[in-house]
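Protein chains in written order, with our numbering: chain A, 1 to 272; chain B, 1001 to 1803.
Treat the hints with care, since some could be wrong.
[Stated by the list, open to error] Calculated Cβ distances over 10 Å to all of chain A for the following chain B residues: (1) PRO1008; (2) ARG1051; (3) GLU1116; (4) ILE1124; (5) GLU1140; (6) ARG1234; (7) ASP1387; (8) GLN1469; (9) ASN1478; (10) ALA1602; (11) SER1632; (12) SER1666; (13) TYR1706; (14) PRO1728; (15) GLU1732; (16) ALA1791.
[To be verified] Here are the simulated EDC-like pairs of lysine to aspartate or glutamate, each with C-alpha atoms no more than 20 Å apart in a straight line: (17) A:LYS2 with B:GLU1277; (18) A:LYS258 with B:ASP1567; (19) A:LYS258 with B:ASP1472; (20) B:LYS1007 with B:ASP1525; (21) B:LYS1263 with B:ASP1308.
Calculated directly from the structure, the hints in this document are not laboratory data. Small disclaimer: the values here were computed from a predicted structure and weren't measured. Cβ atoms here follow ideal geometry from the backbone N, Cα and C, with glycine treated the same way.
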Amino acid sequence: MKPRPFDYARPDTVDEAVELLAEHGDDARILAGGQSLLPMLNLRLIEAGLLIDISRVAALDAIIDLGDTIEIGAAVTQNELMAWPQLAQKLPLLAAALPFVGHFQTRNKGTVCGSVAHADPSSEIPLALAVCGGAVVLRSKRGSRVLAAEAFQQDMLTTARAPDELIAAVRFPVIEGKGTAFNEVARRHGDFAIIAVAAIADRRGAVQLGVGGMVGRPAVRSLTADGAAAAISAWAEELEGFDDAHASPAMRRDILRKLGPRVIAEAIRCAA
Amino acid sequence: MSGQLGKPILRKEDPALLSGRGRYADDLPTPVGTLHAHVVRSPHAHAEIVRIDGTAALAHDGVWAVITGEDIRKLSDPFLIAVKAPVQQWALAVERVRYVGEPVVLVVAENRYIAEDAAELVEIEYAPLEAVLDPQAACESAAPLLHPQAKTNEISVRDFSYGDTKSAFARADRRIAMTVEFPRLSFTPIECYVVVASHNPADNSYDTLANFQGPFSIHPVMARALRVPGPKLRLRIPPDSGGSFGIKLSVFPYVVLMALAAKITGRPVKWVEDRIEHLVAASSGPNRVTAIEAAINKDGRILALKLDQLEDYGAFLRAPMPGPLYRMHGAVTGAYDIENIDVTNRVVLTNKMPASLIRGFGGPQLYLALERLMQRIAVELKLDPLDVIRRNLIPAAKFPYRTAAGALYDSGDYRHAVDIAVGDGRLDDLKRRREAARAAGRHYGIGFAAVVEPAMSNMGYLSTMLTPQARDKAGPKNGAVSMARIDIDPLGAVSVSADVTVQGQGHQTALAQVVGAQLGLPVGDINVALEIDTAKDQWSIAAGTYSSRFASGTAVAAHLAAVALRDKLKAIGAKQLNVLEDDVELVDGKIRSRSNPDNALAFGRVAATSHWSPVLLPENMAPALSETGVWSPPELEPPASDDRINTSLTYGFIFDICGIEIDPISYQVRVDRYVSMHDAGRLLNPLLAVGQIRGAFAQGVAAALYEEFVYNEEGAFLSGTFADYLVPTVSEIPALEILHYESPSPLTPLGAKGLAEGNCMSTPACIANAIADALGVSEVTLPATPRRIHAMMEGRKVEGGSA
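All chains should be modelled from the sequences, with the hints used to inform the complete structure.
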């Protein structure tokens, strides 16, 4: 499991990084934590002529409070975010979701934006981004743009990022006056979820519910606490669910039917 | 036991292992000029090899050789196997490939990166053939043949009959039958295979280093393949090995492969197996389909058993297969007093990786069938499963007990052990918890498993597979030799070497305890070196660490050597202390008069006498203090003409009780309580024993709930990474309550029985029984993944059972 030969660059600034991306396009890959990228390179599942290591770009290693949103730079690791003193207060859903992301050791290297870039259908951070209605900041030599999660997350392992773009940051809206809850079913501690559920509830029982692991990208729906069970059941039928070694579609739907109302109930409790 | 023997001494090995100072094969220095190998493997489950073109690969910078099966066939002979069948295997695929992952080409280069780059340039053309994956399908006449010359995939069928099953079935009140399948899985050591090989053209000899675990009966298999006599194949084992669990027996084809690569290139060749290769092609336990039937009385007493065991060994039989099918043979009736049994053993080949020894070694497969049957009998007769078990257990008065198939169970009090487990394990409380859970609409079940754990195999066990006539012709095979050597140097320092290989079991500590007990020395004063070197150390075909042979075998050999040295030192000491030999004792580093302890000499001083002052030795005593202990127990006789065989030396007993609940949301099996009662005779070191039990338990849980090698219909391997092949981690392993009982073995001076594999055998059966109880089903497929549990529950709804 040795990778094919590749070149390695370690720019100090975002401008240098996007310059390299513009030059090399598809042949270059961004390296931050490497927790998804490096195994794929070692297994020779993907190729890269050039790895652009952004983990030391100071401008990307920042958590910035923009008032009503929090901007998390591309070099910020999952553990760094978990250790941010204001996480529980401003981004309670992420605070609830992060302990489910991999293991302590992998969170030391894995980045928040890296998980969003990778876009595994059952991963927790993209689900949190979708439910919270967050956004992705993309930079290239051509300029910069901000895409809402809905537009950015397209399908399994597929996003709207162009080959010459790098994710500079993700933005999460600050959550105030609402309750949040997150839970998932996985085979083992730290594994990818079979089903992951995230909920944001306000005091009047309006709920924003997100589900990961059912379809190619996080699925989000608004519902009310009243009648949530029936609504979730119907939604599960619509989504159908994947078939893989760990669960049949029917099993995924059954898990969602039971887990969904539980998570909503907890979010409601939290809102009160 | 004296001194520190029997005490929970912390391990001597641990400070180095826990601080990153283990010396594993990949850490050891290699000769200058060593090249690195990479194996190109078959992507097909079954195919003819049409053409291999290594020209482009060979032209790549830094590549020294591109070796094919044809090159290997010219230089080596096929590996010897136990079954007389035209099934030939070399170190690389010859003419056809028979499993995904089979080695086809070896690329040898300056480093592994270059070798892997060049491997992508090797052109291999295959003509795919139909593959057969399922063992029952492979037995059908229309099945594709893996080895056409064998004319069948079912390459060995043997019927055994003990007692009189016909009459027993005729007079029985009922017959209960079921089919039980044990899955295919492995135990994944942290360290994979490592081989370094050199060839000396001056005398056509090989020098190899590999983390091979034994048995060393495989050494002649390697030497024969390489066409050299034994002394021309030097095999060295590294000081440490990162776990094995049986798997590092099967590194031997790679030892031969790298040795041949060294011969071809004229340079030393090193190969380090990576995880992907290990999962797809290293080794696995065999999967087995067992049809089991019992003739019973209406009170659940078993009068006779019939077993048809169909075991799937993958594409080739590697020596010493079909071990797992025969290793348990004498103990095939388990813990029960059953006099009449028919056994049919069938070996079938399929297009999967060759199976071999893994921890449990046939026990898990047998006991899943036997213990599921016991539970099934209880359900059908509406009896308490514990009553059915108790009614059939071998009573204490019958020990030593000769089983129907010939095993000699040395000691045990099974009913008493069960009573302790039921009491200390609080079965009554578990039953209350089950009641409460069911009242609340939850699925809760209780399971049991009774297991006899054999240790130290009779090397003749595999010859049971031959007919008595064939055995007579070939000559008897039997026995098991253990060897250990103790040297005391001129300053009185004690060194021990022995015929076990190290994979982290703590053997150095246990040996130091055994030897220290006789010599009156603390564990810290005894140096133990276990890196076997076939050119310099004493070894037999039984050498190695496998089949739990340490406590019943090698530890005894060390004890015997220590006793001989003790007696010699007493004689020397008596002369110097001017007392009678009977009065001398070795205690706390001194050799002294028991009746007058002030009359004492330091151990080292007395020992030194033998080196420096032989004139002070007693008459006729040879100087130098060196003893080799050899232990060859007489109970391991060859198979009798009626096919009865004592397959192992000592037999421990395990009784497990567990309560489980099905998680209503995730469909996971949650273990509420797991109690395991162990009788392994005298424990040499309770800490080591607990370590072994916990490890086997973790692997038993893995087999019950997580680990399985999955192939699709075309034979593609779907468990190639740890994302797919789920090894439970510490977060997934439930708490374990361990209870102990000791019925010492009368067959060894130490009274200790080999202990290591028990929960691999008992835990899958215990958990399967609990699931059957929880869901009220008769068929439990392992591993009982959430997906399978969900399907079982859906199935019950469909059949109209209560959901």
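Each hint tested on the structure:
no., hint, verdict
1, PRO1008, "30 Å, holds"
2, ARG1051, "23 Å, holds"
3, GLU1116, "5 Å, violated"
4, ILE1124, "17 Å, holds"
5, GLU1140, "27 Å, holds"
6, ARG1234, "30 Å, holds"
7, ASP1387, "37 Å, holds"
8, GLN1469, "48 Å, holds"
9, ASN1478, "45 Å, holds"
10, ALA1602, "50 Å, holds"
11, SER1632, "45 Å, holds"
12, SER1666, "4 Å, violated"
13, TYR1706, "7 Å, violated"
14, PRO1728, "7 Å, violated"
15, GLU1732, "5 Å, violated"
16, ALA1791, "7 Å, violated"
17, A:LYS2 with B:GLU1277, "13 Å, holds"
18, A:LYS258 with B:ASP1567, "73 Å, violated"
19, A:LYS258 with B:ASP1472, "66 Å, violated"
20, B:LYS1007 with B:ASP1525, "16 Å, holds"
21, B:LYS1263 with B:ASP1308, "46 Å, violated"
Hint violations for this structure: numbers 3, 12, 13, 14, 15, 16, 18, 19 and 21, all remaining hints satisfied.
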